[in-house]
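S.K.: Protein sequences appear in the order of chains A and B.
Using the numbering used here, the first residue of the first sequence is number 1, and each one after it goes up by one.
Using the numbering used here, the first residue of the second sequence is number 1, and each one after it goes up by one.
Keep in mind that the hints were calculated from the coordinates and are not lab data.
Note that the structure is predicted; figures quoted are calculated from it, not measured.
Cβ coordinates follow ideal geometry from the N, Cα and C atoms, glycine included.
Don't take every hint at face value.
Claimed, not checked - Straight-line distance between alpha carbons at most 30 angstroms, and here's what the computed DSS-like set of lysine-lysine pairs gives: (1) A/59 with B/61; (2) B/74 with B/61; (3) A/59 with B/74; (4) B/121 with A/59.
What the hints assert, rightly or not - One side only, chain A facing chain B, incomplete, derived with CB under 7 angstroms: (5) 10; (6) 11; (7) 61; (8) 62.
Given next are the chains, with one letter for each unit.
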Amino acid sequence: MAYLDTNLLLSHYFAEDPNHPYAARLMETLRRRGEERRVSLLTLVELYAYISRRIGALKLPPHYARLSQEEKVAPYLYTC
Amino acid sequence: MALPMSQLHAVVSTALNVAATLTAEIVLQAARALTGLAPRQVRVEEDPDWGPTYVITLDVKASEALRINLELQKTLPGVPVVVEWTGPTDISNDELLERQVEIAHAGGFRARETGGIDVVKEVTQQRDRWPI
Chain A
1 MAYLDTNLLL
11 SHYFAEDPNH
21 PYAARLMETL
31 RRRGEERRVS
41 LLTLVELYAY
51 ISRRIGALKL
61 PPHYARLSQE
71 EKVAPYLYTC
Chain B
1 MALPMSQLHA
11 VVSTALNVAA
21 TLTAEIVLQA
31 ARALTGLAPR
41 QVRVEEDPDW
51 GPTYVITLDV
61 KASEALRINL
71 ELQKTLPGVP
81 VVVEWTGPTD
91 ISNDELLERQ
101 VEIAHAGGFR
111 ARETGGIDVV
121 KEVTQQRDRW
131 PI
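So that you can see chain B by itself, here it is in the shape it has in the complex:
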């Protein structure tokens, strides 16, 4: 039996919400197993480009939060997991960036080009503008 479009939309939306809730529970359990701590908060943020993103807040310092984030991201590749911390930021900004890159990479996340890309053309044009 075919559903009217409005009902179909509602069914798909409900299914996606259920899937996101289940995934949030998996992320929560994985975080508990890794840290032995109960996360302060787990929330699901809908990202227009990447879908549901799971944001966990832990009462730890930055270096520990990023270590846990890396482990979680290795455990759950393809599921965007971001760990926030309430403790002190005990690492430099450069180190923070390096760790975030490592975490995104572990999950298989790379930036996406949205406007169409032709690297050879772009780089050639750029070089043509430079003085010799």
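This is chain A alone, in the form it adopts within the complex:
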């Protein structure tokens, strides 16, 4: 079982982060091995805090154009 920390999830999600290639490789390895992946509630809180703070600087795909500002945080949590 692997515990996934906030840093790893965010680096994996954002291709612009300097650690993205390492995070992406690690996540892919875990996926290939069929490793069980877990997150904690604290991690979800941190993800939410980070994304809601940065929401103005993020460019969401046009699929989410009709979401309210508050709803726009949700896709990240689903995807991370």
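Since chain A is already given, all that's left is putting chain B on it; use the hints.
M.R.: Relative to chain A, chain B alone:
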């Protein structure tokens, strides 16, 4: 022969318009093939960050529109396709969000950070502010 900048701009602009029109036709045909219906409307919206976005309006309910949107997005990865519906919204808001995430993911679309990002620094700073 080199073109003056103004002409070059016009040529590139025309080429991009032609490409967008052709892609809109491909999206329209794919939507017809998938649904068997003639879409009410297909329009191209220029998104400053994502380029031409193809918005299709169908006379179906939300769940069907999102299913078709997913199929279209799988068929056309990298081309932003958004399906709108005129029928009833027969799914919950949570389900709607989940489906939209699935559609964006199928097309290979992820949010982009524009202001420069250093996740380790940001998360560390955030943790330092929290009471122990």
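S.K.: Against each hint, give a clear statement of whether it holds in the structure.
M.R.: Each hint, compared with the structure:
Of the supplied pair hints, the one linking residue 59 of chain A and residue 61 of chain B holds, its CA atoms being roughly 28 angstroms apart against a limit of 30 angstroms. Pair hint residue 74 of chain B plus residue 61 of chain B holds up; C-alpha atoms about 20 angstroms apart against a cutoff of 30 angstroms. Restraint check for residue 59 of chain A and residue 74 of chain B: the C-alpha separation of about 22 angstroms stays at or below 30 angstroms, so the hint holds. For the suggested pair residue 121 of chain B and residue 59 of chain A, the alpha carbons sit about 21 angstroms apart, so the restraint of at most 30 angstroms is met.
For residue 10 of chain A, the interface hint holds, since its Cβ comes within 7 angstroms of a Cβ in chain B; the closest pair sits about 4 angstroms apart. For residue 11 of chain A, the suggested interface contact is upheld, since its CB lies about 5 angstroms from the closest CB of chain B, less than 7 angstroms. Here the hint on residue 61 of chain A is kept, as its CB sits about 4 angstroms from the closest CB of chain B, short of 7 angstroms. Hint status for residue 62 of chain A relative to chain B: holds, with the closest Cβ pair at about 4 angstroms, below 7 angstroms.
Hint compliance for this structure: no hint is broken.
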